[in-house]
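Enquirer: Put together the whole structure using the sequences plus the hints.
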Amino acid sequence: MPSREEIIEEAGAWLEENLDPNLSLVEWRSRLVDGGWGSPRWPKEYWGRGYTTEETNVVTSLFIRKGAVPAASAGSRNLAAETILACGTDDQKKRFLRGILTGEDFWCQLFSEPGSGSDLAGLTTKAEFKDGKWVINGQKVWNTSAHHADWGILVARTNWDVPKHQGISYFLINMHQPGVEVRPLRQMNDHASFNEVFLTDAIVEPENLVGAEGEGWAVAKTTLSYERGGFGTVSDIECEVEKKGRLYDEYDEEMREANEPYVWYPQRQGRVDLAVPRAQATGTIKDGAVRQEVARLISMKRGAELAARAAKAKVRSGSNEIVSAGSIGKLASSFVARQGAKVHTMISGADSLLKGEDSAEQGVIAEILVSVPAISIAGGTDEIQKNIISERVLGMPKEMRADTGPFRDIKRN
Amino acid sequence: MELTEDQIQFGEVVERFMADKSPPTVVRKLMATEEGYDPAVWKQLCEEVGLAGTHIPEEYGGFGFSDVELAIAAAAMGKHLFCGPFFSSAVMAGCAILEGGTDENKEALLPGIAAGTTIATLVLDSLDKVEEVGQKVTADGDVLSGQVPIVIDAHIADTLIVITADGNGYALFSIDKGADGVSVRLRESIDETRKTCEVTFTNAKANRIGSLDIVGLNRLWDRLVTFLTNEMIGGAKHLLETTVEFTKMRFQFGRPIGSFQGLKHRCADLLMELELAKASAEYAALCYVKGTGEPYVASMAKNLAGDAYTNIAIAGVQLRGGLGFTWEEDTHLWFKRAKGSEVLLGTPHYHRERMMTIIEEAS
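Top to bottom, those sequences are chains A and B.
Per the working numbering, the very first residue in the first sequence carries number 1; after that it's consecutive.
Per the working numbering, the very first residue in the second sequence carries number 1; after that it's consecutive.
Treat the hints with care, as some may be off.
The list that follows gives simulated cross-link-like pairs (lysine-lysine, DSBU-like), each with its CA atoms no further than 30 Å apart [unchecked claim]: (1) 290/B x 312/A; (2) 314/A x 290/B; (3) 43/B x 177/B.
Just a few of them, taken from the derived set where beta-carbon distance is under 10 Å, the chain A residues facing chain B [as the list claims (entries may be wrong)]: (4) 280; (5) 317; (6) 326; (7) 363; (8) 385.
None of these hints come from the bench; they were simulated from the model.
Built from N, CA and C at the ideal position, the CB exists for glycine as well.
Expert: Structure (structure tokens):
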């Protein structure tokens with residue numbers, strides 16, 4: 001076990017030797033990954049150092065201070081990497097992990113379908129083994145960054161004669177082939193942050209099946225656990241060097257491009273921060289009904305933050321209430337966002353209809369009203385959160401199921 | 001709120017006492033009496049647990065714990081609907097003296113309150129709005145006149161602490177309940193677990209014991225609100241738990257009613273509402289201790305808790321169906337405490353308005 005000082009010394013010396021702002025992004029990340037600093041938490045045989053989370057955080061903090069651009073993380077590549085690392089073959093790890101970290105390969109996630117959203121295990125995209133290859137047919141939806149992805153993590157049904165969770169397999173699919181068609185999906189708020197992906201006789205090589213045939217649900221749950229848990233972050237650390245040069249320009253461009261589809265995300269949270277300033281600017285702060293709703297909004301928002309903080313403290317103290325804390329927090333954010341939309345409607349009145357540069361907050365108010373519905377759907381609907389809370393926290397009985405037995409016989413879309 | 005080992009143990013002691021001494025059967029018995037409490041249990045609580053001195057500094061005979069301990073005790077009392085003069089005497093009167101009393105009067109009055117041998121109460125002539133305090137009782141020198149419609153536990157109090165307007169601030173008086181010119185009339189209330197009286201002063205000679213400025217009065221109000229809010233959280237949490245348990249036991253249409261999504265989702269919503277209120281109430285207590293936080297934390301917590309407890313109480317009756325509306329079933333005891341707590345020391349509506357006033361003053 002290296003000490004904190006030893007890690008800083010070794011990583012510092014390596015940075016001294018290798019960090020060069022004139023490199024291209026890929027050139028730098030190749031050095032980073034081959035040096036074992038791209039993901040130090042990973043095992044030594046796969047470009048890591050076998051560090052603990054704490055040791056990794058030491059490296060991350062140092063790299064932030066020294067202005068070292070981190071390994072690639074945009075899109076769904078982290079989910080792919082963690083899943084391959086946990087469930088993939090040695091050959092898959094060797095072929096895919098390096099390209100994920102260097103950013104040479106962009107990944108997307110192909111899970112949700114038009115006919116299976118909350119009920120992911122009810123998916124109907126079909127994978128059939130023909131002439132030594134998997135042939136995929138079906139449609140996927142809500143795929144982030146699929147339009148510039150090289151590879152996708154895919155779940156598809158390989159057996160229709162067993163209960164639904166048992167007939168699913170997990171694949172790594174090459175997105176550059178004729179059978180894969182990606183189309184942007186226009187949302188009700190006029191942004192297109194996601195895609196839909198049509199798979200028509202798309203091919204997956206047999207060596208790109210992850211886990212055994214029919215055991216894909218367990219692999220998918222590994223992916224989803226990383227999606228929900230997120231990644232440890234190190235914040236509040238200032239960079240000590242001036243970020244100038246080709247490396248930083250390319251990195252800024254990468255970040256800008258990655259964040260562009262999500263510029264409306266603050267609006268879906270209800271923009272609580274704008275409530276009092278807008279009420280003051282419009283004079284509606286004198287309206288007793290507006291005052292009531294603004295105070296309610298601020299109370300709910302702050303209450304939700306405090307509840308989340310209390311839940312985190314509970315987790316730190318070793319309680320296993322993490323799932324419930326997440327679901328209650330998710331439900332609370334919907335509750336807050338809806339109240340935000342209500343408040344902004346009261347404050348702005350007819351003006352809240354108008355979009356464009358000359359409208360209220362340059363269209364932000366209008367965008368709140370048509371973006372808030374997303375928060376109650378994305379990442380698990382409010383209804384699913386309520387099922388989780390009532391069943392796992394309150395211990396209430398499950399609903400009777402209508403989807404047992406062979407998948408073939410289950411009523412579906 | 002992250003608690004220390006000592007605070008956790010303190011909570012367990014109070015919880016054990018309350019579970020043992022304040023089961024619903026006892027609550028029902030006491031609420032039917034005029035006194036509304038059991039002097040023997042009160043004595044035991046003060047002598048064995050020392051609870052009345054929780055927040056009173058050691059120099060005045062208390063333990064000098066913080067409002068975090070007070071909040072912990074509040075939640076246990078709210079859970080078990082404890083019938084006794086803790087809120088009126090130790091908290092309302094005790095905190096008023098601590099906030100505005102002179103050192104000499106603190107020394108004279110607080111040790112008895114901390115020991116529980118003196119029962120005091122605070123005559124707040126508005127339990128609705130802090131801005132309206134000091135209008136119904138007037139002081140001519142140290143002679144009090146006026147009528148206050150709701151005073152908690154005045155019928156069992158030895159000493160009344162009174163706040164009246166005094167120039168730009170407020171004067172603090174104490175007066176024996178038995179003094180000339182003081183009359184106390186027990187009132188009928190929907191919440192019989194907390195007795196309320198009308199108090200009338202007719203040229204009653206009192207002792208001036210101190211002063212409060214407007215900041216001090218608001219700080220006192222916030223402190224009382226924070227205690228009451230944590231008490232509400234204890235009750236709300238318990239009532240939601242018993243309601244959920246009921247839905248698991250109650251079978252209709254061949255299945256437990258708790259398996260119907262309509263009920264499950266309603267309970268999940270209530271738990272979320274409770275969690276926001278609970279975190280806010282605990283935070284308000286911590287902010288009082290540290291002197292930090294947003295200036296409106298107490299009002300924020302009270303408006304969230306007021307709505308949450310009332311919504312849980314409504315569901316508590318509703319989910320039990322006809323049974324929930326009977327006198328024999330215990331739910332109405334919590335329902336009435338919920339309603340009583342919602343309206344005392346400011347409704348949720350009032351506290352939201354107060355928040356906005358504070359926010360506007362700050363910006």
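Enquirer: Hints first: check each against the structure and report whether it holds.
Expert: So, going through the hints one by one against the coordinates:
1. 290/B x 312/A: 21 Å, holds
2. 314/A x 290/B: 22 Å, holds
3. 43/B x 177/B: Satisfied, since the Cα-Cα distance of roughly 20 Å is no more than 30 Å.
4. 280: Result: holds, 7 Å to nearest chain B Cβ.
5. 317: With Cβ-Cβ at 7 Å, under 10 Å, it holds.
6. 326: 12 Å, violated
7. 363: Since the shortest Cβ distance to chain B is 25 Å, the answer is violated.
8. 385: Since chain B brings a Cβ to about 7 Å from residue 385/A, closer than 10 Å, the hint holds.
The structure is inconsistent with the numbered hints 6 and 7, although it conforms to all the rest.
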